[in-house]
Amino acid sequence: MQWSSIFTQVSVVLGAVLIPMLAANKDKNNELLDRINFYSSWLFTIICTVPLIIFVDLFVRIYGKFNLTSDFKVSVIFVLFSAILTSFKGGVARKIIILNLSWFSVLSNLGWAFIFVALTWKTKKYGAVGITGALFFSQFIHFIITIPYFLKRKIIDISMIFNIHVLTLIFVPMISIYVSFRIDSLILKAIACVVIMVFSVFKSIDLIKIRK
Numbered sequence: 003m004q005w006s007s008i009f010t011q012v013s014v015v016l017g018a019v020l021i022p023m024l025a026a027n028k029d030k031n032n033e034l035l036d037r038i039n040f041y042s043s044w045l046f047t048i049i050c051t052v053p054l055i056i057f058v059d060l061f062v063r064i065y066g067k068f069n070l071t072s073d074f075k076v077s078v079i080f081v082l083f084s085a086i087l088t089s090f091k092g093g094v095a096r097k098i099i100i101l102n103l104s105w106f107s108v109l110s111n112l113g114w115a116f117i118f119v120a121l122t123w124k125t126k127k128y129g130a131v132g133i134t135g136a137l138f139f140s141q142f143i144h145f146i147i148t149i150p151y152f153l154k155r156k157i158i159d160i161s162m163i164f165n166i167h168v169l170t171l172i173f174v175p176m177i178s179i180y181v182s183f184r185i186d187s188l189i190l191k192a193i194a195c196v197v198i199m200v201f202s203v204f205k206s207i208d209l210i211k212i213r214k
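Here the sequence shown stands for residues 3 to 214, where the numbers follow the numbering used here.
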C-alpha cells in the first residue's frame, strides 16, 4: 500500500542522515543520538497513522468508490500497524549496519520471510485480512524473537524498548482503532484525532529527551 511505502521512504531518508552521524559516534555513548535513531521514524509513523486509522473510511475513498467492508478496514489497519513496527525496526537496522552485523540482517530477513510465508499459508482462507494480518504478526513475532540478540550485542538497550513512554505510545494506534470503529460522528472523531495527536507529540518529546 502506498501509505506504507511513504513511511518506509521517510525511514530511508532519515537513514541517509543518521548513519554517518552514528558512524562518527560509534565509540561514544551518545544517548540523544541513539534515541533519535531508534524513535524518530517510529514516532513520525505513529503520529501520521492516527488520522489514517481514525478516518480510514474517508482515506480509502481516494482509491475509488466501492462498498467499504469491515474486512477492508481491518486490512488497511494491519498494513498501518506493520508500517509502525517496521519504522522502529529501521532504527535497529541502522545500528546493525554501523556495527558491521549485516550478515545477521540477511539471516534475520530470511527468518522473517519463513514466518511470513508460514502464516500466509495458514491464513490464506481469510483473504486480504489473512495476508495483511500475516504481514503484521510475522513482523511482530520476528521482532520478539530477535530482541535477545539485539540486547546481547548491545544494538539497543532494554530501556529503549520497555519504558513507560514507549508503552503509552503503543496504545495510541489501539485507541485510534477504538475511535474509528466505535464513534460515528465526524466532529467527535476530529476532536479525538486532534487530542490523540497532540498527546502523542508531547509524549514523543518526553521520550527523546535524555534522562539524567
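Hints listed in this document are in silico derivations from the structure and should not be mistaken for laboratory results. Using N, Cα and C, we set each Cβ at its ideal position, and we do this for glycine too. Heads up, a few of these hints could be off.
Quick list of the computed label-pair ranges, beta carbon to beta carbon [said to hold, decoys possible]:
| hint | residue 1 | residue 2 | range |
| --- | --- | --- | --- |
| 1 | Leu-60 | Gly-129 | 38 to 46 Å |
| 2 | Arg-63 | Phe-142 | 23 to 31 Å |
| 3 | Arg-155 | Ser-187 | 46 to 54 Å |
Only pairs whose alpha carbons sit at most 20 Å apart, straight line, appear in this in silico DMTMM-like list of lysine to aspartate or glutamate [said to hold, decoys possible]:
| hint | residue 1 | residue 2 |
| --- | --- | --- |
| 4 | Lys-75 | Asp-59 |
| 5 | Lys-211 | Asp-159 |
| 6 | Lys-156 | Asp-36 |
| 7 | Lys-154 | Asp-36 |
| 8 | Lys-154 | Asp-29 |
| 9 | Lys-191 | Glu-33 |
| 10 | Lys-156 | Glu-33 |
| 11 | Lys-124 | Asp-73 |
| 12 | Lys-75 | Asp-186 |
| 13 | Lys-211 | Asp-73 |
| 14 | Lys-126 | Asp-73 |
| 15 | Lys-30 | Asp-186 |
| 16 | Lys-28 | Asp-159 |
| 17 | Lys-211 | Asp-36 |
| 18 | Lys-156 | Asp-59 |
| 19 | Lys-154 | Asp-59 |
| 20 | Lys-205 | Asp-59 |
| 21 | Lys-205 | Asp-29 |
| 22 | Lys-127 | Asp-73 |
Status of each hint after checking the structure:
no.	hint	result
1	Leu-60 <-> Gly-129: 38 to 46 Å	violated (23 Å)
2	Arg-63 <-> Phe-142: 23 to 31 Å	holds (29 Å)
3	Arg-155 <-> Ser-187: 46 to 54 Å	holds (49 Å)
4	Lys-75 <-> Asp-59	holds (7 Å)
5	Lys-211 <-> Asp-159	holds (16 Å)
6	Lys-156 <-> Asp-36	holds (12 Å)
7	Lys-154 <-> Asp-36	holds (17 Å)
8	Lys-154 <-> Asp-29	holds (17 Å)
9	Lys-191 <-> Glu-33	violated (37 Å)
10	Lys-156 <-> Glu-33	holds (13 Å)
11	Lys-124 <-> Asp-73	holds (18 Å)
12	Lys-75 <-> Asp-186	holds (15 Å)
13	Lys-211 <-> Asp-73	violated (39 Å)
14	Lys-126 <-> Asp-73	holds (14 Å)
15	Lys-30 <-> Asp-186	violated (51 Å)
16	Lys-28 <-> Asp-159	holds (15 Å)
17	Lys-211 <-> Asp-36	holds (11 Å)
18	Lys-156 <-> Asp-59	violated (42 Å)
19	Lys-154 <-> Asp-59	violated (43 Å)
20	Lys-205 <-> Asp-59	violated (27 Å)
21	Lys-205 <-> Asp-29	violated (29 Å)
22	Lys-127 <-> Asp-73	holds (13 Å)
Of the numbered hints given earlier, the model fails hints 1, 9, 13, 15, 18, 19, 20 and 21; all others are met.
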